[in-house]
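Protein chains in written order, with this note's numbering: chain A, 1 to 309; chain B, 1 to 354; chain C, 1 to 364.
Since the hints were made in silico from the structure, they are not lab data. Among the hints, a few may not be true.
Sample of chain B residues at the chain A side, in silico, Cβ under 7 Å [unchecked claim]: (1) 138; (2) 146; (3) 192; (4) 196; (5) 203; (6) 278; (7) 281; (8) 285.
Sample of chain B residues with no beta-carbon within 12 Å of chain C, all distances over it, derived [unchecked claim]: (9) 26; (10) 56; (11) 97; (12) 102; (13) 215; (14) 229; (15) 266; (16) 316.
We treat Cβ as the ideally placed atom computed from N, Cα and C, and that holds for glycine.
Next come the chains, spelled out residue by residue.
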Amino acid sequence: MQTQPEGLGAWGIAVALAGGAMRGSIPYMFVSLGECLTEKSGKINLGMEGVLLMGAMTAFAVSDITGSPWLGVMAAAAVGMLLGALHAWLTQQPAVNDVAAGIAMIVFGSGLAFFFGKRFVAPMAPQLPLLDFGGWSRVPAIQSALRISPLFFVGIAAAFLLHWIFTRTSWGLKVRAAGDDTQAARALGINVNAVRFIAITIGGGLAAAGGAHLTLYFPGIWSEGISGGQGLMAVALVIFAKWSPRRCLAAALLFGGAQALGPSLQSLGVNGYYHLFNASPYLLTLGVMIATCTPHRRLAGMPGALGKK
Amino acid sequence: MKKAEAVLVPLGAMVAGLLVFGLFCAALGVNPFLVYASIYKAGFGSWYSWQNTLVRASPLLLGALCTAIPARAGIIVIGNEGAIIVGGLGAIWAGLATPSLPPFLALTVMTFAAMLCGGLWIAAEVALQHYRGVSAVISGLLLNYLAIALMNQLIEGPLRDPSSFNSPASYPLAPSHRLGSFAGTHVHHGLIFGVAACLLAWFLIDRTTFGFAMKIGGGNVRAAQLAGLPVGRLVVIAGLLGGACAGIAGMVEVAAVHGRANESLNAGYGYSGILVAFLSRQNPLVIVLVSLLTGGLLASGGMLQRAHDLPDATIAVLQGILFLFILLSDTFYGRFNFTRTKTPEARAAHANAA
Amino acid sequence: MTRREFLAVSAAAATARASEPLVIGFIYNGPKNDLGYNQAHAEGKQALRALPFVRAVEEASVPETVAAEESMRDMIFQDGATVVFATSFGHFDPFTIDMARENPAVQFFHCGGLFEEGKHPKNIGIYFGFIDEVEYLSGMLAGLATRTNRIGFVAAKPIPQVLRNINSFTLGVRSVNPRATTRVVFTGDWVLPVREAEASSSLVDQGIDVLTGHTGSPRVIVQMAERRGVFACGYQFNQSSMAPHGFLTGAEWAWGTVYLRIAEMIHAGKSVTNGTIPRRLTGTLKDEFCKLSPFGPSVTASSRARVADAKTAILNGSLEIYRGPMKDNEGETAIPAGKILKIEDVELDRMDWLVEGVDGSAKG
Chain A
1 MQTQPEGLGA
11 WGIAVALAGG
21 AMRGSIPYMF
31 VSLGECLTEK
41 SGKINLGMEG
51 VLLMGAMTAF
61 AVSDITGSPW
71 LGVMAAAAVG
81 MLLGALHAWL
91 TQQPAVNDVA
101 AGIAMIVFGS
111 GLAFFFGKRF
121 VAPMAPQLPL
131 LDFGGWSRVP
141 AIQSALRISP
151 LFFVGIAAAF
161 LLHWIFTRTS
171 WGLKVRAAGD
181 DTQAARALGI
191 NVNAVRFIAI
201 TIGGGLAAAG
211 GAHLTLYFPG
221 IWSEGISGGQ
231 GLMAVALVIF
241 AKWSPRRCLA
251 AALLFGGAQA
261 LGPSLQSLGV
271 NGYYHLFNAS
281 PYLLTLGVMI
291 ATCTPHRRLA
301 GMPGALGKK
Chain B
1 MKKAEAVLVP
11 LGAMVAGLLV
21 FGLFCAALGV
31 NPFLVYASIY
41 KAGFGSWYSW
51 QNTLVRASPL
61 LLGALCTAIP
71 ARAGIIVIGN
81 EGAIIVGGLG
91 AIWAGLATPS
101 LPPFLALTVM
111 TFAAMLCGGL
121 WIAAEVALQH
131 YRGVSAVISG
141 LLLNYLAIAL
151 MNQLIEGPLR
161 DPSSFNSPAS
171 YPLAPSHRLG
181 SFAGTHVHHG
191 LIFGVAACLL
201 AWFLIDRTTF
211 GFAMKIGGGN
221 VRAAQLAGLP
231 VGRLVVIAGL
241 LGGACAGIAG
251 MVEVAAVHGR
261 ANESLNAGYG
271 YSGILVAFLS
281 RQNPLVIVLV
291 SLLTGGLLAS
301 GGMLQRAHDL
311 PDATIAVLQG
321 ILFLFILLSD
331 TFYGRFNFTR
341 TKTPEARAAH
351 ANAA
Chain C
1 MTRREFLAVS
11 AAAATARASE
21 PLVIGFIYNG
31 PKNDLGYNQA
41 HAEGKQALRA
51 LPFVRAVEEA
61 SVPETVAAEE
71 SMRDMIFQDG
81 ATVVFATSFG
91 HFDPFTIDMA
101 RENPAVQFFH
111 CGGLFEEGKH
121 PKNIGIYFGF
131 IDEVEYLSGM
141 LAGLATRTNR
151 IGFVAAKPIP
161 QVLRNINSFT
171 LGVRSVNPRA
181 TTRVVFTGDW
191 VLPVREAEAS
201 SSLVDQGIDV
211 LTGHTGSPRV
221 IVQMAERRGV
231 FACGYQFNQS
241 SMAPHGFLTG
251 AEWAWGTVYL
261 RIAEMIHAGK
271 SVTNGTIPRR
281 LTGTLKDEFC
291 KLSPFGPSVT
301 ASSRARVADA
311 KTAILNGSLE
321 IYRGPMKDNE
331 GETAIPAGKI
341 LKIEDVELDR
351 MDWLVEGVDG
361 SAKG
């Protein structure tokens with residue numbers, strides 16, 4: 001048992017924010033990167049909430065059954081890619097509306113997740129190993145904040161990898177071309193459908209891996225209420241980040257930290273208005289969008305084909 | 001052929017979806033035919049079941065219109081949930097502020113308040129997209145969260161009934177302000193609003209010049225503008241109308257179901273409504289049919305739990321499968337040209353569309 | 001018809017009635033394996049298996065909307081239920097009330113509803129348990145185990161039931177450790193696992209070394225405590241498997257007691273409509289409506305002894321938790337000197353204060 005001779009007072013907020021940012025940002029990171037890739041190719045996937053939940057449940061279940069959390073993460077990614085592929089194939093059919101398909105995927109994905117997850121509520125599945133950077137401190141709170149999930153670094157790496165892919169590789173160029181102008185891309189000989197299919201599939205895999213973090217690290221349980229809309233939020237996050245993977249990273253850290261702000265302020269005794277407080281990220285995003293969008297000039301960075309067939 | 005298609009294709013999709021679900025049940029060791037029988041029995045098998053279905057369909061009718069009307073004007077709205085909530089809040093505020101009004105007037109006031117709140121909410125999202133380029137899909141999402149936070153803050157704060165200890169709620173409406181049920185049934189009068197709204201919406205969109213103008217604007221903004229149509233105004237009005245419908249749904253929740261505003265206002269009807277709208281291809285008359293079907297499906301969830309020991313998530317799985325199949329079926333329209341001979345142009349067009 | 005014939009026919013009818021199973025329906029507002037509130041009720045329903053004349057059906061994840069009416073009605077019409085248990089507070093008004101009016105021959109029992117005589121139909125009974133004393137005992141172990149003298153309580157909303165638990169727990173803590181304090185954090189809703197985890201984590205950052213809570217299912221709090229290496233006290237259901245090292249004890253519901261008792265009364269022909277079953281059926285630790293979870297491995301023998309003594313004192317009435325003078329955490333008098341509030345006292349149902357020693361605001 002650890003002994004905690006004194007609390008941290010106001011520094012507790014800083015520690016909580018830092019720890020919270022590193023913990024809470026991971027689902028947002030992975031889902032927004034997955035959605036970023038999807039949208040850069042010109043399609044929107046609103047069904048990420050369902051994918052996130054299926055990923056979370058699969059990771060937990062596989063970890064529980066096999067005893068290996070990493071197997072759980074990989075299984076989650078595989079399931080996510082399957083769901084992504086389903087969405088990709090579905091929305092590629094003519095006359096299928098992307099928004100509707102996404103919402104149907106939320107219903108389907110969450111239904112499946114809750115259905116198969118019933119027997120996994122009670123067990124405690126093996127969790128992902130932590131990387132301990134806090135050994136130097138004698139303050140347990142700092143130690144705890146600096147015990148970081150390896151997925152955090154995978155997420156950061158993924159963000160930079162995605163940025164490099166978009167700016168330096170030919171495949172990334174194809175993705176962006178497909179996302180900017182479907183006809184022009186086809187005229188250039190790019191197989192737009194194939195490019196989008198791959199992008200959306202990988203996007204689903206990423207989102208599901210983000211879900212794995214919820215059940216295999218924080219909070220480390222499987223429960224039907226575990227997501228609470230994070231999948232949908234991440235879609236908004238991509239817009240907020242103007243479709244740049246590195247800005248997605250920053251935004252995810254912001255949202256993750258904000259999630260920890262409410263509870264940590266309360267534990268210091270700052271109460272009141274916590275509902276509106278908890279809604280502040282959404283207000284902020286909306287405000288930023290209203291301020292920066294214009295109808296005549298496309299929002300900087302927005303893939304031109306988004307929203308069109 | 002087109003008329004036959006309009007019935008056969010979605011029907012085929014449903015059959016296919018039910019088959020897949022049946023396989024799912026069989027794989028779990030549950031007899032799919034018994035499950036089908038239960039779904040039918042619980043949704044449509046008796047007058048009792050029909051009442052359940054009608055009650056479930058009621059909010060879907062109004063929620064779906066919130067997406068369908070602006071969709072015909074060219075903007076996809078998904079902020080239905082938020083509009084339902086603010087509509088409900090508007091209705092409770094109006095109802096509590098006018099305790100001495102006779103029932104009919106009180107209902108009128110509450111309905112107008114709900115329509116105003118819901119209408120402005122969606123109109124804002126639509127205007128933001130048309131005039132400011134902010135995607136209505138995104139703003140709808142964000143505003144939904146905001147509406148929920150607002151609802152919680154108001155219900156636990158200024159609107160709170162101090163005697164509602166364990167579950168924060170507003171003061172209750174006076175009995176005269178409540179919406180009743182049809183005699184001898186447990187179906188509340190909210191159904192009237194839903195059906196009437198769908199009929200009015202259909203009439204407006206398909207039988208008036210306003211609707212015609214709206215559809216043109218929804219088809220091609222540039223062309224409509226060149227033709228001199230005030231597209232912005234049309235679009236915003238469509239948003240107002242759609243949001244008003246959602247607002248009424250909130251009013252019905254408050255006046256017919258709960259008698260007060262509490263956190264159950266956030267019941268998820270908004271998102272179901274979006275799906276119903278798309279499945280109905282934004283046609284208000286078809287919305288009535290799809291709402292009934294969806295209502296029947298949802299009504300059978302309890303039976304599956306009690307009679308077959310299936311978990312509560314089973315109905316969501318069935319819903320998901322059916323929705324995916326029905327969405328997919330949209331692509332089959334026009335593919336079945338057995339009787340017609342294809343011209344070379346038509347064949348080329350087909351190839352391009354694939 | 002002669003008197004003998006009449007008696008024979010009545011006896012036959014009675015036997016026929018007796019051989020038909022008594023169908024009892026349960027609705028829960030969440031999953032029945034949530035390791036918290038709903039599972040406690042589901043466990044209570046399982047206790048009915050001991051009665052051969054009972055057939056119990058249940059429906060989980062019934063939201064507190066008109067769907068509750070539908071579920072209850074379906075159980076009555078499709079399954080033939082003559083008794084319905086609605087286990088979540090939000091199922092009461094207007095759903096259980098409307099159903100009771102619609103089905104006067106069916107008996108409805110609601111957990112914790114606010115029944116108003118004269119206004120609500122007579123075929124509704126209310127059952128509830130007062131768990132304050134068990135929270136007190138649980139708090140005692142927390143007070144004995146803490147080394148930082150700081151306890152953490154993660155709560156959903158500042159409603160009377162929750163405030164009673166915070167207060168009784170704290171009273172238990174301070175009865176053995178007067179210098180200890182409880183810090184409360186409200187998450188805002190009943191099922192928010194991520195927020196509960198964050199709250200638990202930040203409480204531990206502040207130096208708290210015993211966690212407990214009152215949410216839909218405090219298992220997240222207990223698990224977080226184990227992960228951070230601090231102690232935990234459970235609530236509603238036995239969460240000891242979540243914290244093999246740090247679990248102290250917990251305050252659990254024992255709804256089986258209630259369900260068995262009501263089922264037997266109904267089988268004997270009694271009903272709540274004519275008053276032969278009490279309108280308000282409440283119980284405390286003594287009535288076995290609630291119980292203390294088994295002790296965890298780190299609870300010392302002397303601590304066990306102290307809790308056992310306190311429990312005996314509670315059971316024989318010599319220990320009253322809400323005994324004045326008692327101040328709230330804003331310095332006002334909550335219970336004046338010389339006054340004792342019994343656990344079943346209705347005044348406690350309106351509690352809106354936090355006792356001295358609690359850091360936090362009852363306004364949320």
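In ascending order, which of the hints set out earlier in this document are inconsistent with the structure? 3, 4, 5, 7, 8, 10, 15, 16
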